[in-house]
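Residues in the sequence shown are numbered from 1 upward in steps of one, following this note's numbering.
These are computed hints drawn from the structure, not numbers from a lab.
Fair warning: there could be bad hints in the mix.
Stated by the list, open to error - Pairwise CB distance ranges, derived in the manner of DEER restraints:
id, residue 1, residue 2, range
1, E87, Y29, 27 to 33 Å
2, K97, A62, 28 to 34 Å
3, I101, G42, 27 to 33 Å
4, Y29, D67, 16 to 22 Å
5, E39, E87, 19 to 25 Å
6, E87, E33, 32 to 38 Å
7, D56, E87, 16 to 22 Å
Claimed, not checked - Straight line, CA to CA, 27 Å or less: simulated BS3-like cross-link-like pairs of lysine-lysine:
id, residue 1, residue 2
8, K61, K44
9, K51, K64
10, K97, K51
11, K32, K75
12, K32, K51
13, K64, K32
14, K44, K97
15, K75, K51
16, K97, K32
17, K75, K61
18, K97, K61
19, K64, K75
20, K44, K64
21, K97, K75
22, K51, K61
23, K32, K61
24, K44, K75
25, K97, K64
Since this is a predicted model, take the numbers as computed values, not measurements.
Backbone N, C-alpha and C define an ideal beta-carbon position, used for all residues, glycine too.
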Amino acid sequence: MSLSNSNHKPGDRVINPLNVSEINPIIFYSGKEDELMVELVGVKVGELIIKSLSTDVLLVKALKIADEDICLAWKQTEMGLRITLPELVTGEAERKKCRLIIRF
Numbered sequence: 001m002s003l004s005n006s007n008h009k010p011g012d013r014v015i016n017p018l019n020v021s022e023i024n025p026i027i028f029y030s031g032k033e034d035e036l037m038v039e040l041v042g043v044k045v046g047e048l049i050i051k052s053l054s055t056d057v058l059l060v061k062a063l064k065i066a067d068e069d070i071c072l073a074w075k076q077t078e079m080g081l082r083i084t085l086p087e088l089v090t091g092e093a094e095r096k097k098c099r100l101i102i103r104f
């Protein structure tokens, strides 16, 4: 019994039906006590997982988008910080940059 999927050939593009992205964002200290800034580039609608912000690293208390009043759904686990980016954040297709403020 073969474990490979005969429908896909090497080089075929695999589509992500769940709209989940794992990224390595630019994370820096904001200068304020207990606050980090996260610079996201090429933001898309859907779920975003930042592995480097797992509960093993720090406990997130609050998360928001800098200079915007949009409520974000998020959850932090030992696997990372999972954020749901609504279309309000990304617009119709893809937003070039987005800065998150994380309080811990």
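Hints and how they fare:
Between E87 and Y29, the C-beta spacing of about 30 Å keeps the proposed range 27 to 33 Å intact. Evaluation of the 28 to 34 Å hint for K97 and A62 yields a failure: the beta carbon distance comes to about 21 Å. The hint said 27 to 33 Å for the Cβ distance between I101 and G42, and at roughly 19 Å that hint is violated. A beta carbon spacing of about 18 Å between Y29 and D67 agrees with the range 16 to 22 Å that was offered as a hint.
The hinted window of 19 to 25 Å between E39 and E87 holds, with their beta carbons roughly 21 Å apart. As the Cβ distance of E87 to E33 is approximately 33 Å, the hint placing it in 32 to 38 Å holds. The given range of 16 to 22 Å is broken by D56 and E87, whose C-beta atoms sit roughly 32 Å from each other. Straight-line distance between C-alpha atoms of K61 and K44 comes to about 24 Å, which keeps the hinted pair within the 27 Å bound.
Proposed proximity of K51 and K64 is supported: the alpha carbons are some 18 Å apart, at most 27 Å. Of the supplied pair hints, the one linking K97 and K51 holds, its CA atoms being roughly 19 Å apart against a limit of 27 Å. Using a Cα cut-off of 27 Å, the hinted pair K32 and K75 holds, with the two alpha carbons roughly 23 Å apart. Restraint check for K32 and K51: the C-alpha separation of about 23 Å stays at or below 27 Å, so the hint holds.
With a CA separation close to 15 Å, the supplied pair K64 and K32 stays within the 27 Å bound. About 10 Å separates the Cα atoms of K44 and K97, which keeps this hinted pair within 27 Å; it holds. Proximity of K75 to K51 is assessed by CA-CA distance (about 12 Å); at most 27 Å being required, the pair is judged to hold. A C-alpha spacing of about 22 Å is found between K97 and K32, which places the hinted pair at or below 27 Å, so the restraint holds.
With a C-alpha separation of about 10 Å, the suggested pairing of K75 with K61 holds against the 27 Å cut-off. Proximity of K97 to K61 is assessed by CA-CA distance (about 23 Å); at most 27 Å being required, the pair is judged to hold. Note on K64 and K75: the hinted pairing holds, with a Cα-Cα distance of about 13 Å set against a maximum of 27 Å. At most 27 Å may separate the alpha-carbon atoms for a hinted pair to count; K44 and K64 meet this at roughly 16 Å.
Proximity of K97 to K75 is assessed by CA-CA distance (about 22 Å); at most 27 Å being required, the pair is judged to hold. Restraint check for K51 and K61: the C-alpha separation of about 17 Å stays at or below 27 Å, so the hint holds. Distance check on the hinted pair: K32 and K61 sit about 15 Å apart at the alpha-carbon level, within 27 Å; holds. Restraint check for K44 and K75: satisfied, since their Cα atoms lie roughly 18 Å apart, inside the 27 Å limit.
Between K97 and K64, the direct Cα distance comes to roughly 14 Å. Compliance with the 27 Å bound is thereby established for this hinted pair.
The structure does not agree with the numbered hints 2, 3 and 7 stated previously, though it agrees with the rest.
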